[in-house]
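Position chain Z relative to chain P; hints supplied.
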Amino acid sequence: MRGRRDAAGVVRRRRKAWELWITIGLLVVLPLISATDYSLHIWTRMAIFLILLTGLNLIQGVAGMTSLAQAGFFGLGAYAAGISAVRYDLPPLAALVVAPVVVTLVALLVGVLSMRLKEIYFTMATLGAGFVLFLLFGRMVELTGGPNGLVGIPPFSIGGLEFTEPIMRYALVAVLAALGAVVAHNLLVSRTGRALRAYGASEPAALAVGASPFRLRLLAFGLSGFYAGVAGALEAFDARFISPSTFDFMTAVLLVVALVVSGAGRMVGPILGALLLTGIEVFAADYADYEPLIMGVIFLVAVQLFPRGVAGELAARWEDRRERAQRSGESLGDSSAPAGTTRTDVGTPAMTEELRR
Amino acid sequence: MDTGLLIQVILSGLSVGAIYALVAVGFGVIFNATGAINFVQGEYVMVGGLSAAMLYEAWDVPVLVAIVAAVAVTVLLGVLTEFGLLGFGRLRTPASITIATIAIAVIVKGSAMLISDRDTYALPSVLGTDSLQVLGASTSRQTVLNLLLAVAAVAALTLFFQCTKLGTTLRAAAGDSETLQTFGVSYRTTARWAFVIAAALGALAGAGLAPLTVMSFDSGTLLGLKGFAAAMLGGLGNPRGALAGGLLLGIAEAVMSGYGAAAYADVVAFVVLLAILTLRPTGMFGTARAVRT
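Those protein sequences? They're chains P and Z, same order as listed.
Using our numbering, the letters of the first sequence correspond one by one to residues 465 to 821.
Using our numbering, the letters of the second sequence correspond one by one to residues -10 to 282.
Isolated chain Z, as found in the complex:
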């Protein structure tokens, strides 16, 4: 077997896998706070990547500034999402919130389609265009950046959840939201923070994804669902599990497309999703939770 190819495949898998990991962490944060699946998560990635690339290409904003602005825009979108879901005080069950997130995802995608006029935009890597030689394989420097980004995000979130008061509150919301409310912590406040964090993660993922591919209004949906598969693989709601799940899924996809079945690479994520739900619905690192009846 050609080692060069193998390393190449693994590197490209890690590069995309890091993005899946960031998306997966976002799913977990929202799930812990609300019990719902946030279908807007993939659209946060699209909005983050697309707005950064549009700022860079259309208005010549420096790359880093464009990324910061994109994160800000996406976080605002996160706050708006929370308002759209819970601001009317009528949706209470996770199932109905989940359905409403689909509606919001459609709105976000529809707006992005109008704003971007269906054009595609590209963003250069912050680290320049030079490629990196690793053991005879070459990869973009963005790969390293994405991996660092994913690991840093997971580490920071883990610290945040363990060491800060807000983090503890969010963890408590995941454990028993009703008891938490009797302590005077508003459901909406925890939910809003969860959406802010998830949107920021999504925007970072978008900024990391944009240099690897071109961004369009359509980039978010499939990516978001694959990120969900990664989240389930690692255990929904567990940041470290999300990292492992994302990287594994990325590598699995890369192996599939690197070794001759490129047409079926997209299918991998959904087969993994079905398999993990059937065999071990708590995921590889998931905490024990009632997922079956």
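Just chain P, same shape as in the assembly:
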């Protein structure tokens, strides 16, 4: 019995790693498919979204709390990097370090204030935080350049090496995105990650076991801020111009919806979400006026069809089928085993999946 459960655990972990390999594989393959300046620019955007969503996935998908502050944090990262490079003449590498640190601190502060709230109240608190940041980007004109944006951000450079070629810019973002995905994956399969997942799945059950989820959630929220900070700094050095409208409420909503629709809580969710967001951006360039309407309809349909996200829904179906196959297989071949044990064994993966909803 025990041996079989261990084997199931290995299979589960390998399946999760497989989701990670899709992410990294796509980052490598995309520039091989097309490497024109324009498509490299698109891939770079995609990789920045991937970092943002990987961070958001920690709090949204794993801890199960919707954060509408991610766009604000993204902007804070971009402005922190941009301002330290433009106004304080910091070398880009230092700015790339400063930005995530600043954002993590702010995220921890917001987290301390709001983390004890129930889900919807927490969401609205993060909305408040995101909006304060967004409004400040537009109003602190001396520092941020106001609604006209911050201009004159230098390209990223290490020593004398400037990242101005599109392929270099993509490589920088892609390497960091892959690194971020690996870190997130390792965190999720670790003990901490499983505990976090348990809180997200069933708070009463997790609380009944005895621990307060406060610290773990704060950790997840701080980390999501860190990812947003990195993404923001990369955005600043890639676009070399930032303006508040990039980080508005709509972006916050888009990030959450893209992740939810693709499959929050799964490793493959962020990459699907990033592809979706990039697709929308490319598509929006052609149909500017109809974009919000079409996007809204797509989101409504997607949310109605896949309340657990496309990946979540497919995985749940796959689990169901596997469970059914396993049950029929065991009732045929394993009839000698005590009925109770068999049921527990079969029930475990299904229950985990149930809890995750």
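One or more of the hints may lead you astray.
[As the list claims (entries may be wrong)] Coverage of chain P stretches by chain Z, computed from C-beta distances (three or more under 8 Å per stretch; other residues unrestricted):
no., segment
1, 597 to 604
2, 778 to 792
[To be verified] The following label-pair restraints were derived from C-beta to C-beta distances:
no., chain 1, residue 1, chain 2, residue 2, range
3, P, S621, Z, D106, 43 to 49 Å
4, Z, L103, P, N650, 44 to 50 Å
5, P, A659, Z, T153, 44 to 50 Å
[As the list claims (entries may be wrong)] To give an idea of the chain Z side of the interface with chain P (calculated C-beta under 10 Å), a few residues:
no., residue
6, F20
7, A25
8, F28
9, L80
10, I91
11, L103
12, L211
13, A218
14, L263
15, P270
Since the hints were made in silico from the structure, they are not lab data.
Ideal placement from N, C-alpha and C gives every residue a C-beta, glycine not left out.
Showing chain Z alone in chain P's frame:
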């Protein structure tokens, strides 16, 4: 200190605050019935104000008729919202309903952008353009109308919730929706009525807002979120709290912009939202409810 300026500031605060109050009441009604935050609430204000102003400007419809028509359009939108959210029978948790309301808000805003072609429209006040002198300050007559509207709406809703059968049902839904369903009251019916009421409130708020500013497809989102901050300030789901919260928030914003920090006036609502959620998440007048884990 200049008293004239102070009174001026307070009056303009009350004028906008009354609108926030109407929006806040709408948030409360939906929250009580479904447990979700209705992000379309701000868009109801936009649709109400914009359609009234468009009817008036583009088709020369008399102001009052335009307002009645706008309320009708918005109520229809409310019914459609409910259908879009619950008509497919798949969304059950408040969190997923909330996310779906965001999608609907995007659809409504996107449609309004196409219909209005990004133009702005204005609506005159029903009371004419004369200004009103109060203690050395001058204000538009619309201020008085908005205040009356907000107070009347809150009073009417309070009566409705206390004295009618439907009102009692809606209150029961807020208390324990599942028990109510075992009594044979459909969740969808209560939800639909809640959306009708919320949309009507939003449309009235829009009609009250349009004479103070110009309306465009973009007028709803920020206003709706500020209305939510007002609702939290007063206690989500409590009409009287919403009135107090809305007026207070309006005054706070007006003081901020009247005394030199106009650029940061918009920030006030969200700082208030964060502060009230941190310090007293049930709001000033909220009923005891589990909001923390």
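Right, here's what the structure says about each hint:
no.: 1; hint: 597 to 604; in the structure: holds (count 3)
no.: 2; hint: 778 to 792; in the structure: violated (count 0)
no.: 3; hint: S621(P) / D106(Z): 43 to 49 Å; in the structure: 46 Å, holds
no.: 4; hint: L103(Z) / N650(P): 44 to 50 Å; in the structure: 47 Å, holds
no.: 5; hint: A659(P) / T153(Z): 44 to 50 Å; in the structure: 49 Å, holds
no.: 6; hint: F20; in the structure: 9 Å, holds
no.: 7; hint: A25; in the structure: 7 Å, holds
no.: 8; hint: F28; in the structure: 8 Å, holds
no.: 9; hint: L80; in the structure: 6 Å, holds
no.: 10; hint: I91; in the structure: 5 Å, holds
no.: 11; hint: L103; in the structure: 6 Å, holds
no.: 12; hint: L211; in the structure: 8 Å, holds
no.: 13; hint: A218; in the structure: 7 Å, holds
no.: 14; hint: L263; in the structure: 4 Å, holds
no.: 15; hint: P270; in the structure: 6 Å, holds
When the structure is compared with the earlier hints, a violation turns up for hint 2 alone.
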